[in-house]
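Generate the whole structure from the sequences, applying the supplied hints.
Residue strings, one per chain:
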Amino acid sequence: MIRSRSFLSAALRFALAASPLLCARAAESTPAIRTVAAAEALISTLDAAQRSAVVFAYTNQVQRRLWSNLPTPMVRRTGLRWGDLKPDQLKAAEGVLKAALSGMGYEKVMNIVEAEEVLKNSPGNPGNLVFGKDEFYLSFVGAPSAEKPWMIQFGGHHLAINVTVAGTNGVLTPSLTCTQPASFQRDGKTVRPLGRENDLAFQLMGTLDASQKSAAVLGARFRDIVLGPGQDGRRIAPEGVKVSTFTPAQRRLLLELVSQWVGIIRDDAAAAKMSEIEGNLDQTWFAWSGPTEPGSAAYFRIQGPTVVIEYAPQSLGGSALNHTHTIYRDPTNDYGSRFGGF
Amino acid sequence: MTVSRRWLRTGLAALLCAASPALAHRTDEYLQAVLIGVEPTSILVDLALTPGSGVAGPLLRLMDPDGDEVVSETEGRRYAESIRRDIGLRLDGKTMDPGEAEWFFAAPASMKDGTGTSRLVWKVAVPPLPPGEHRLEWHNRHLPGLSVYLANALQPESPRIAVLQQVRSTNQSELEVRFRVEPASGSDSIPASTPAVSVAPVPETFGPKPTWIVVAASTLVAFGLVPAWILLARRGRR
Chain Z
0 MIRSRSFLSA
10 ALRFALAASP
20 LLCARAAEST
30 PAIRTVAAAE
40 ALISTLDAAQ
50 RSAVVFAYTN
60 QVQRRLWSNL
70 PTPMVRRTGL
80 RWGDLKPDQL
90 KAAEGVLKAA
100 LSGMGYEKVM
110 NIVEAEEVLK
120 NSPGNPGNLV
130 FGKDEFYLSF
140 VGAPSAEKPW
150 MIQFGGHHLA
160 INVTVAGTNG
170 VLTPSLTCTQ
180 PASFQRDGKT
190 VRPLGRENDL
200 AFQLMGTLDA
210 SQKSAAVLGA
220 RFRDIVLGPG
230 QDGRRIAPEG
240 VKVSTFTPAQ
250 RRLLLELVSQ
260 WVGIIRDDAA
270 AAKMSEIEGN
280 LDQTWFAWSG
290 PTEPGSAAYF
300 RIQGPTVVIE
310 YAPQSLGGSA
320 LNHTHTIYRD
330 PTNDYGSRFG
340 GF
Chain X
0 MTVSRRWLRT
10 GLAALLCAAS
20 PALAHRTDEY
30 LQAVLIGVEP
40 TSILVDLALT
50 PGSGVAGPLL
60 RLMDPDGDEV
70 VSETEGRRYA
80 ESIRRDIGLR
90 LDGKTMDPGE
100 AEWFFAAPAS
110 MKDGTGTSRL
120 VWKVAVPPLP
130 PGEHRLEWHN
140 RHLPGLSVYL
150 ANALQPESPR
160 IAVLQQVRST
170 NQSELEVRFR
180 VEPASGSDSI
190 PASTPAVSVA
200 PVPETFGPKP
210 TWIVVAASTL
220 VAFGLVPAWI
230 LLARRGRR
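From first to last, the protein sequence lines stand for chains Z and X. In terms of numbering that gives the first Met the number 0, the first sequence is numbered consecutively and its last residue is 341. In terms of numbering that gives the first Met the number 0, the second sequence is numbered consecutively and its last residue is 237.
Calculated from the structure, these hints are not laboratory results. Ideal Cβ positions, reconstructed from N, Cα and C, are used throughout, including at glycine. Careful, some of the hints might be misleading.
[What the hints assert, rightly or not] Chain Z regions said to be covered by chain X (calculated; three or more residues, Cβ under 8 Å):
id, stretch
1, 137–143
2, 208–219
3, 223–232
4, 271–285
Encoded structure:
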């Protein structure tokens, strides 16, 4: 009897001791929880001044909207400056991005950062002071939490990644991905941070029949994106060709193109968003401005009820083929507005 | 055009030619982006003006002629009036007077570094538009030598208005918005024919609570209740 009681007692003690560990292990496997854990791990490496600099109140609208395509000396960012981080802090900060983004997304973001380093070292850059990978900033709008919504902001010149984490949900809008140069060499290989976007768009254009193409092409030159920084809450009228006229193959190609932006965020959140966009394909539009031959510089826009994507080559600083601005928005859920709290 | 204005424009054109080709942002151009909203009884014209740092100095001589680093009420009104003379708005072929704009001028310092965006907004009341197709034309001829234009129609807030087509000049200094007005039906409710929009549902609960409950329950079963049941079964056999 005594033996049985002690065995029972030991079993229950083991169960109570083991359940939090098992729960924690299960929780770690959730992408959203991994993101929270990565953010907390970064915070644990920071000194007091850095801690107070990195976290902003979730209701802070100024910080939420503090992103731009312009270089940091022109638009001051706040948070942790990449160039100020110690090696262990930098590794932890990269860990936050790796947890919040997909493998493809992390690679794309880091390629854009690397392009800035190439731009910094280019002969035309006066003073070598404005650009470069040190000039990127990471901040949290709201404290990292598994329950309450919070945001990760990472950006600088030509980049603004705004990830809202709300429980198990992840939202990437609005985010800005740009690049100059459009291609550079690394270890003997050509890197094109936004090359896939460009190639898929021309591939899609190549599949349109004459009637679709005629509807898609707008008779004007778009020198920049319309819904860039400072245009929160704006909804422009859709134009171009309706995706409802697309064949199944064209739809697949369009979705693959869309996924170049949507898929920057971690895979589970991207899959949910792609499913939403696919559900609205018949109310989605594809517009084009510029030459349709591959190798040209052309603007395009994809617009549906819950997505707006713009891709605009820039004729500043030389060839428009070498400098691109893009924006990804969701007019119904920028900054995770569906989840409230700000 | 006065002599001083002609001089200014010549100077701006020279500046444009001499601008550095290597910079990665818009320094030598004046971005004028207009958004035009059409509603059943009003037209909204929202013009955002962003001078690049390379052209801000000469432009500030138009906006802030006394150079005191503040665009005063009088200066703002004067510049807004000069723009009003350069723009045009026509509804169904009839020229409309946009009236006085509401304006916001960015700090001259921010315009000098290329980040300041000023805004002029015209809200034009129009008589209730009859059902059917209509045409709104816009043009902007303000400083064409150094300007980059963007012109877009906003998605109407009223479900009674549908933008059918936007026709632009190549440089977007002109925009024609063709739109349709549906008959008023007592309320502005969304027509039944509007297709459903798929939006991912927002879960009622955040966080990992369901996972915790499932794992905790499983753990208790595995490490607590099962051994207890075995012991009880053994006792029963005795």
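Cross-check of the supplied hints:
With a threshold of 8 Å between beta carbons, the proposed coverage of the stretch 137–143 of chain Z by chain X is violated, since 0 of its residues qualify and at least three are required. Counting residues of the stretch 208–219 of chain Z whose beta carbon lies closer than 8 Å to any beta carbon of chain X gives 3, which meets the minimum of three for the stated coverage. As drawn, the stretch 223–232 of chain Z meets chain X at 3 residues by the rule of a beta-carbon pair under 8 Å; at three or more, the given contact holds. Given a C-beta distance limit of less than 8 Å, the hint that chain X covers the stretch 271–285 of chain Z holds, as 8 residues qualify and 3 suffice.
The structure fails to meet hint 1 from the earlier list, while all remaining hints are met.
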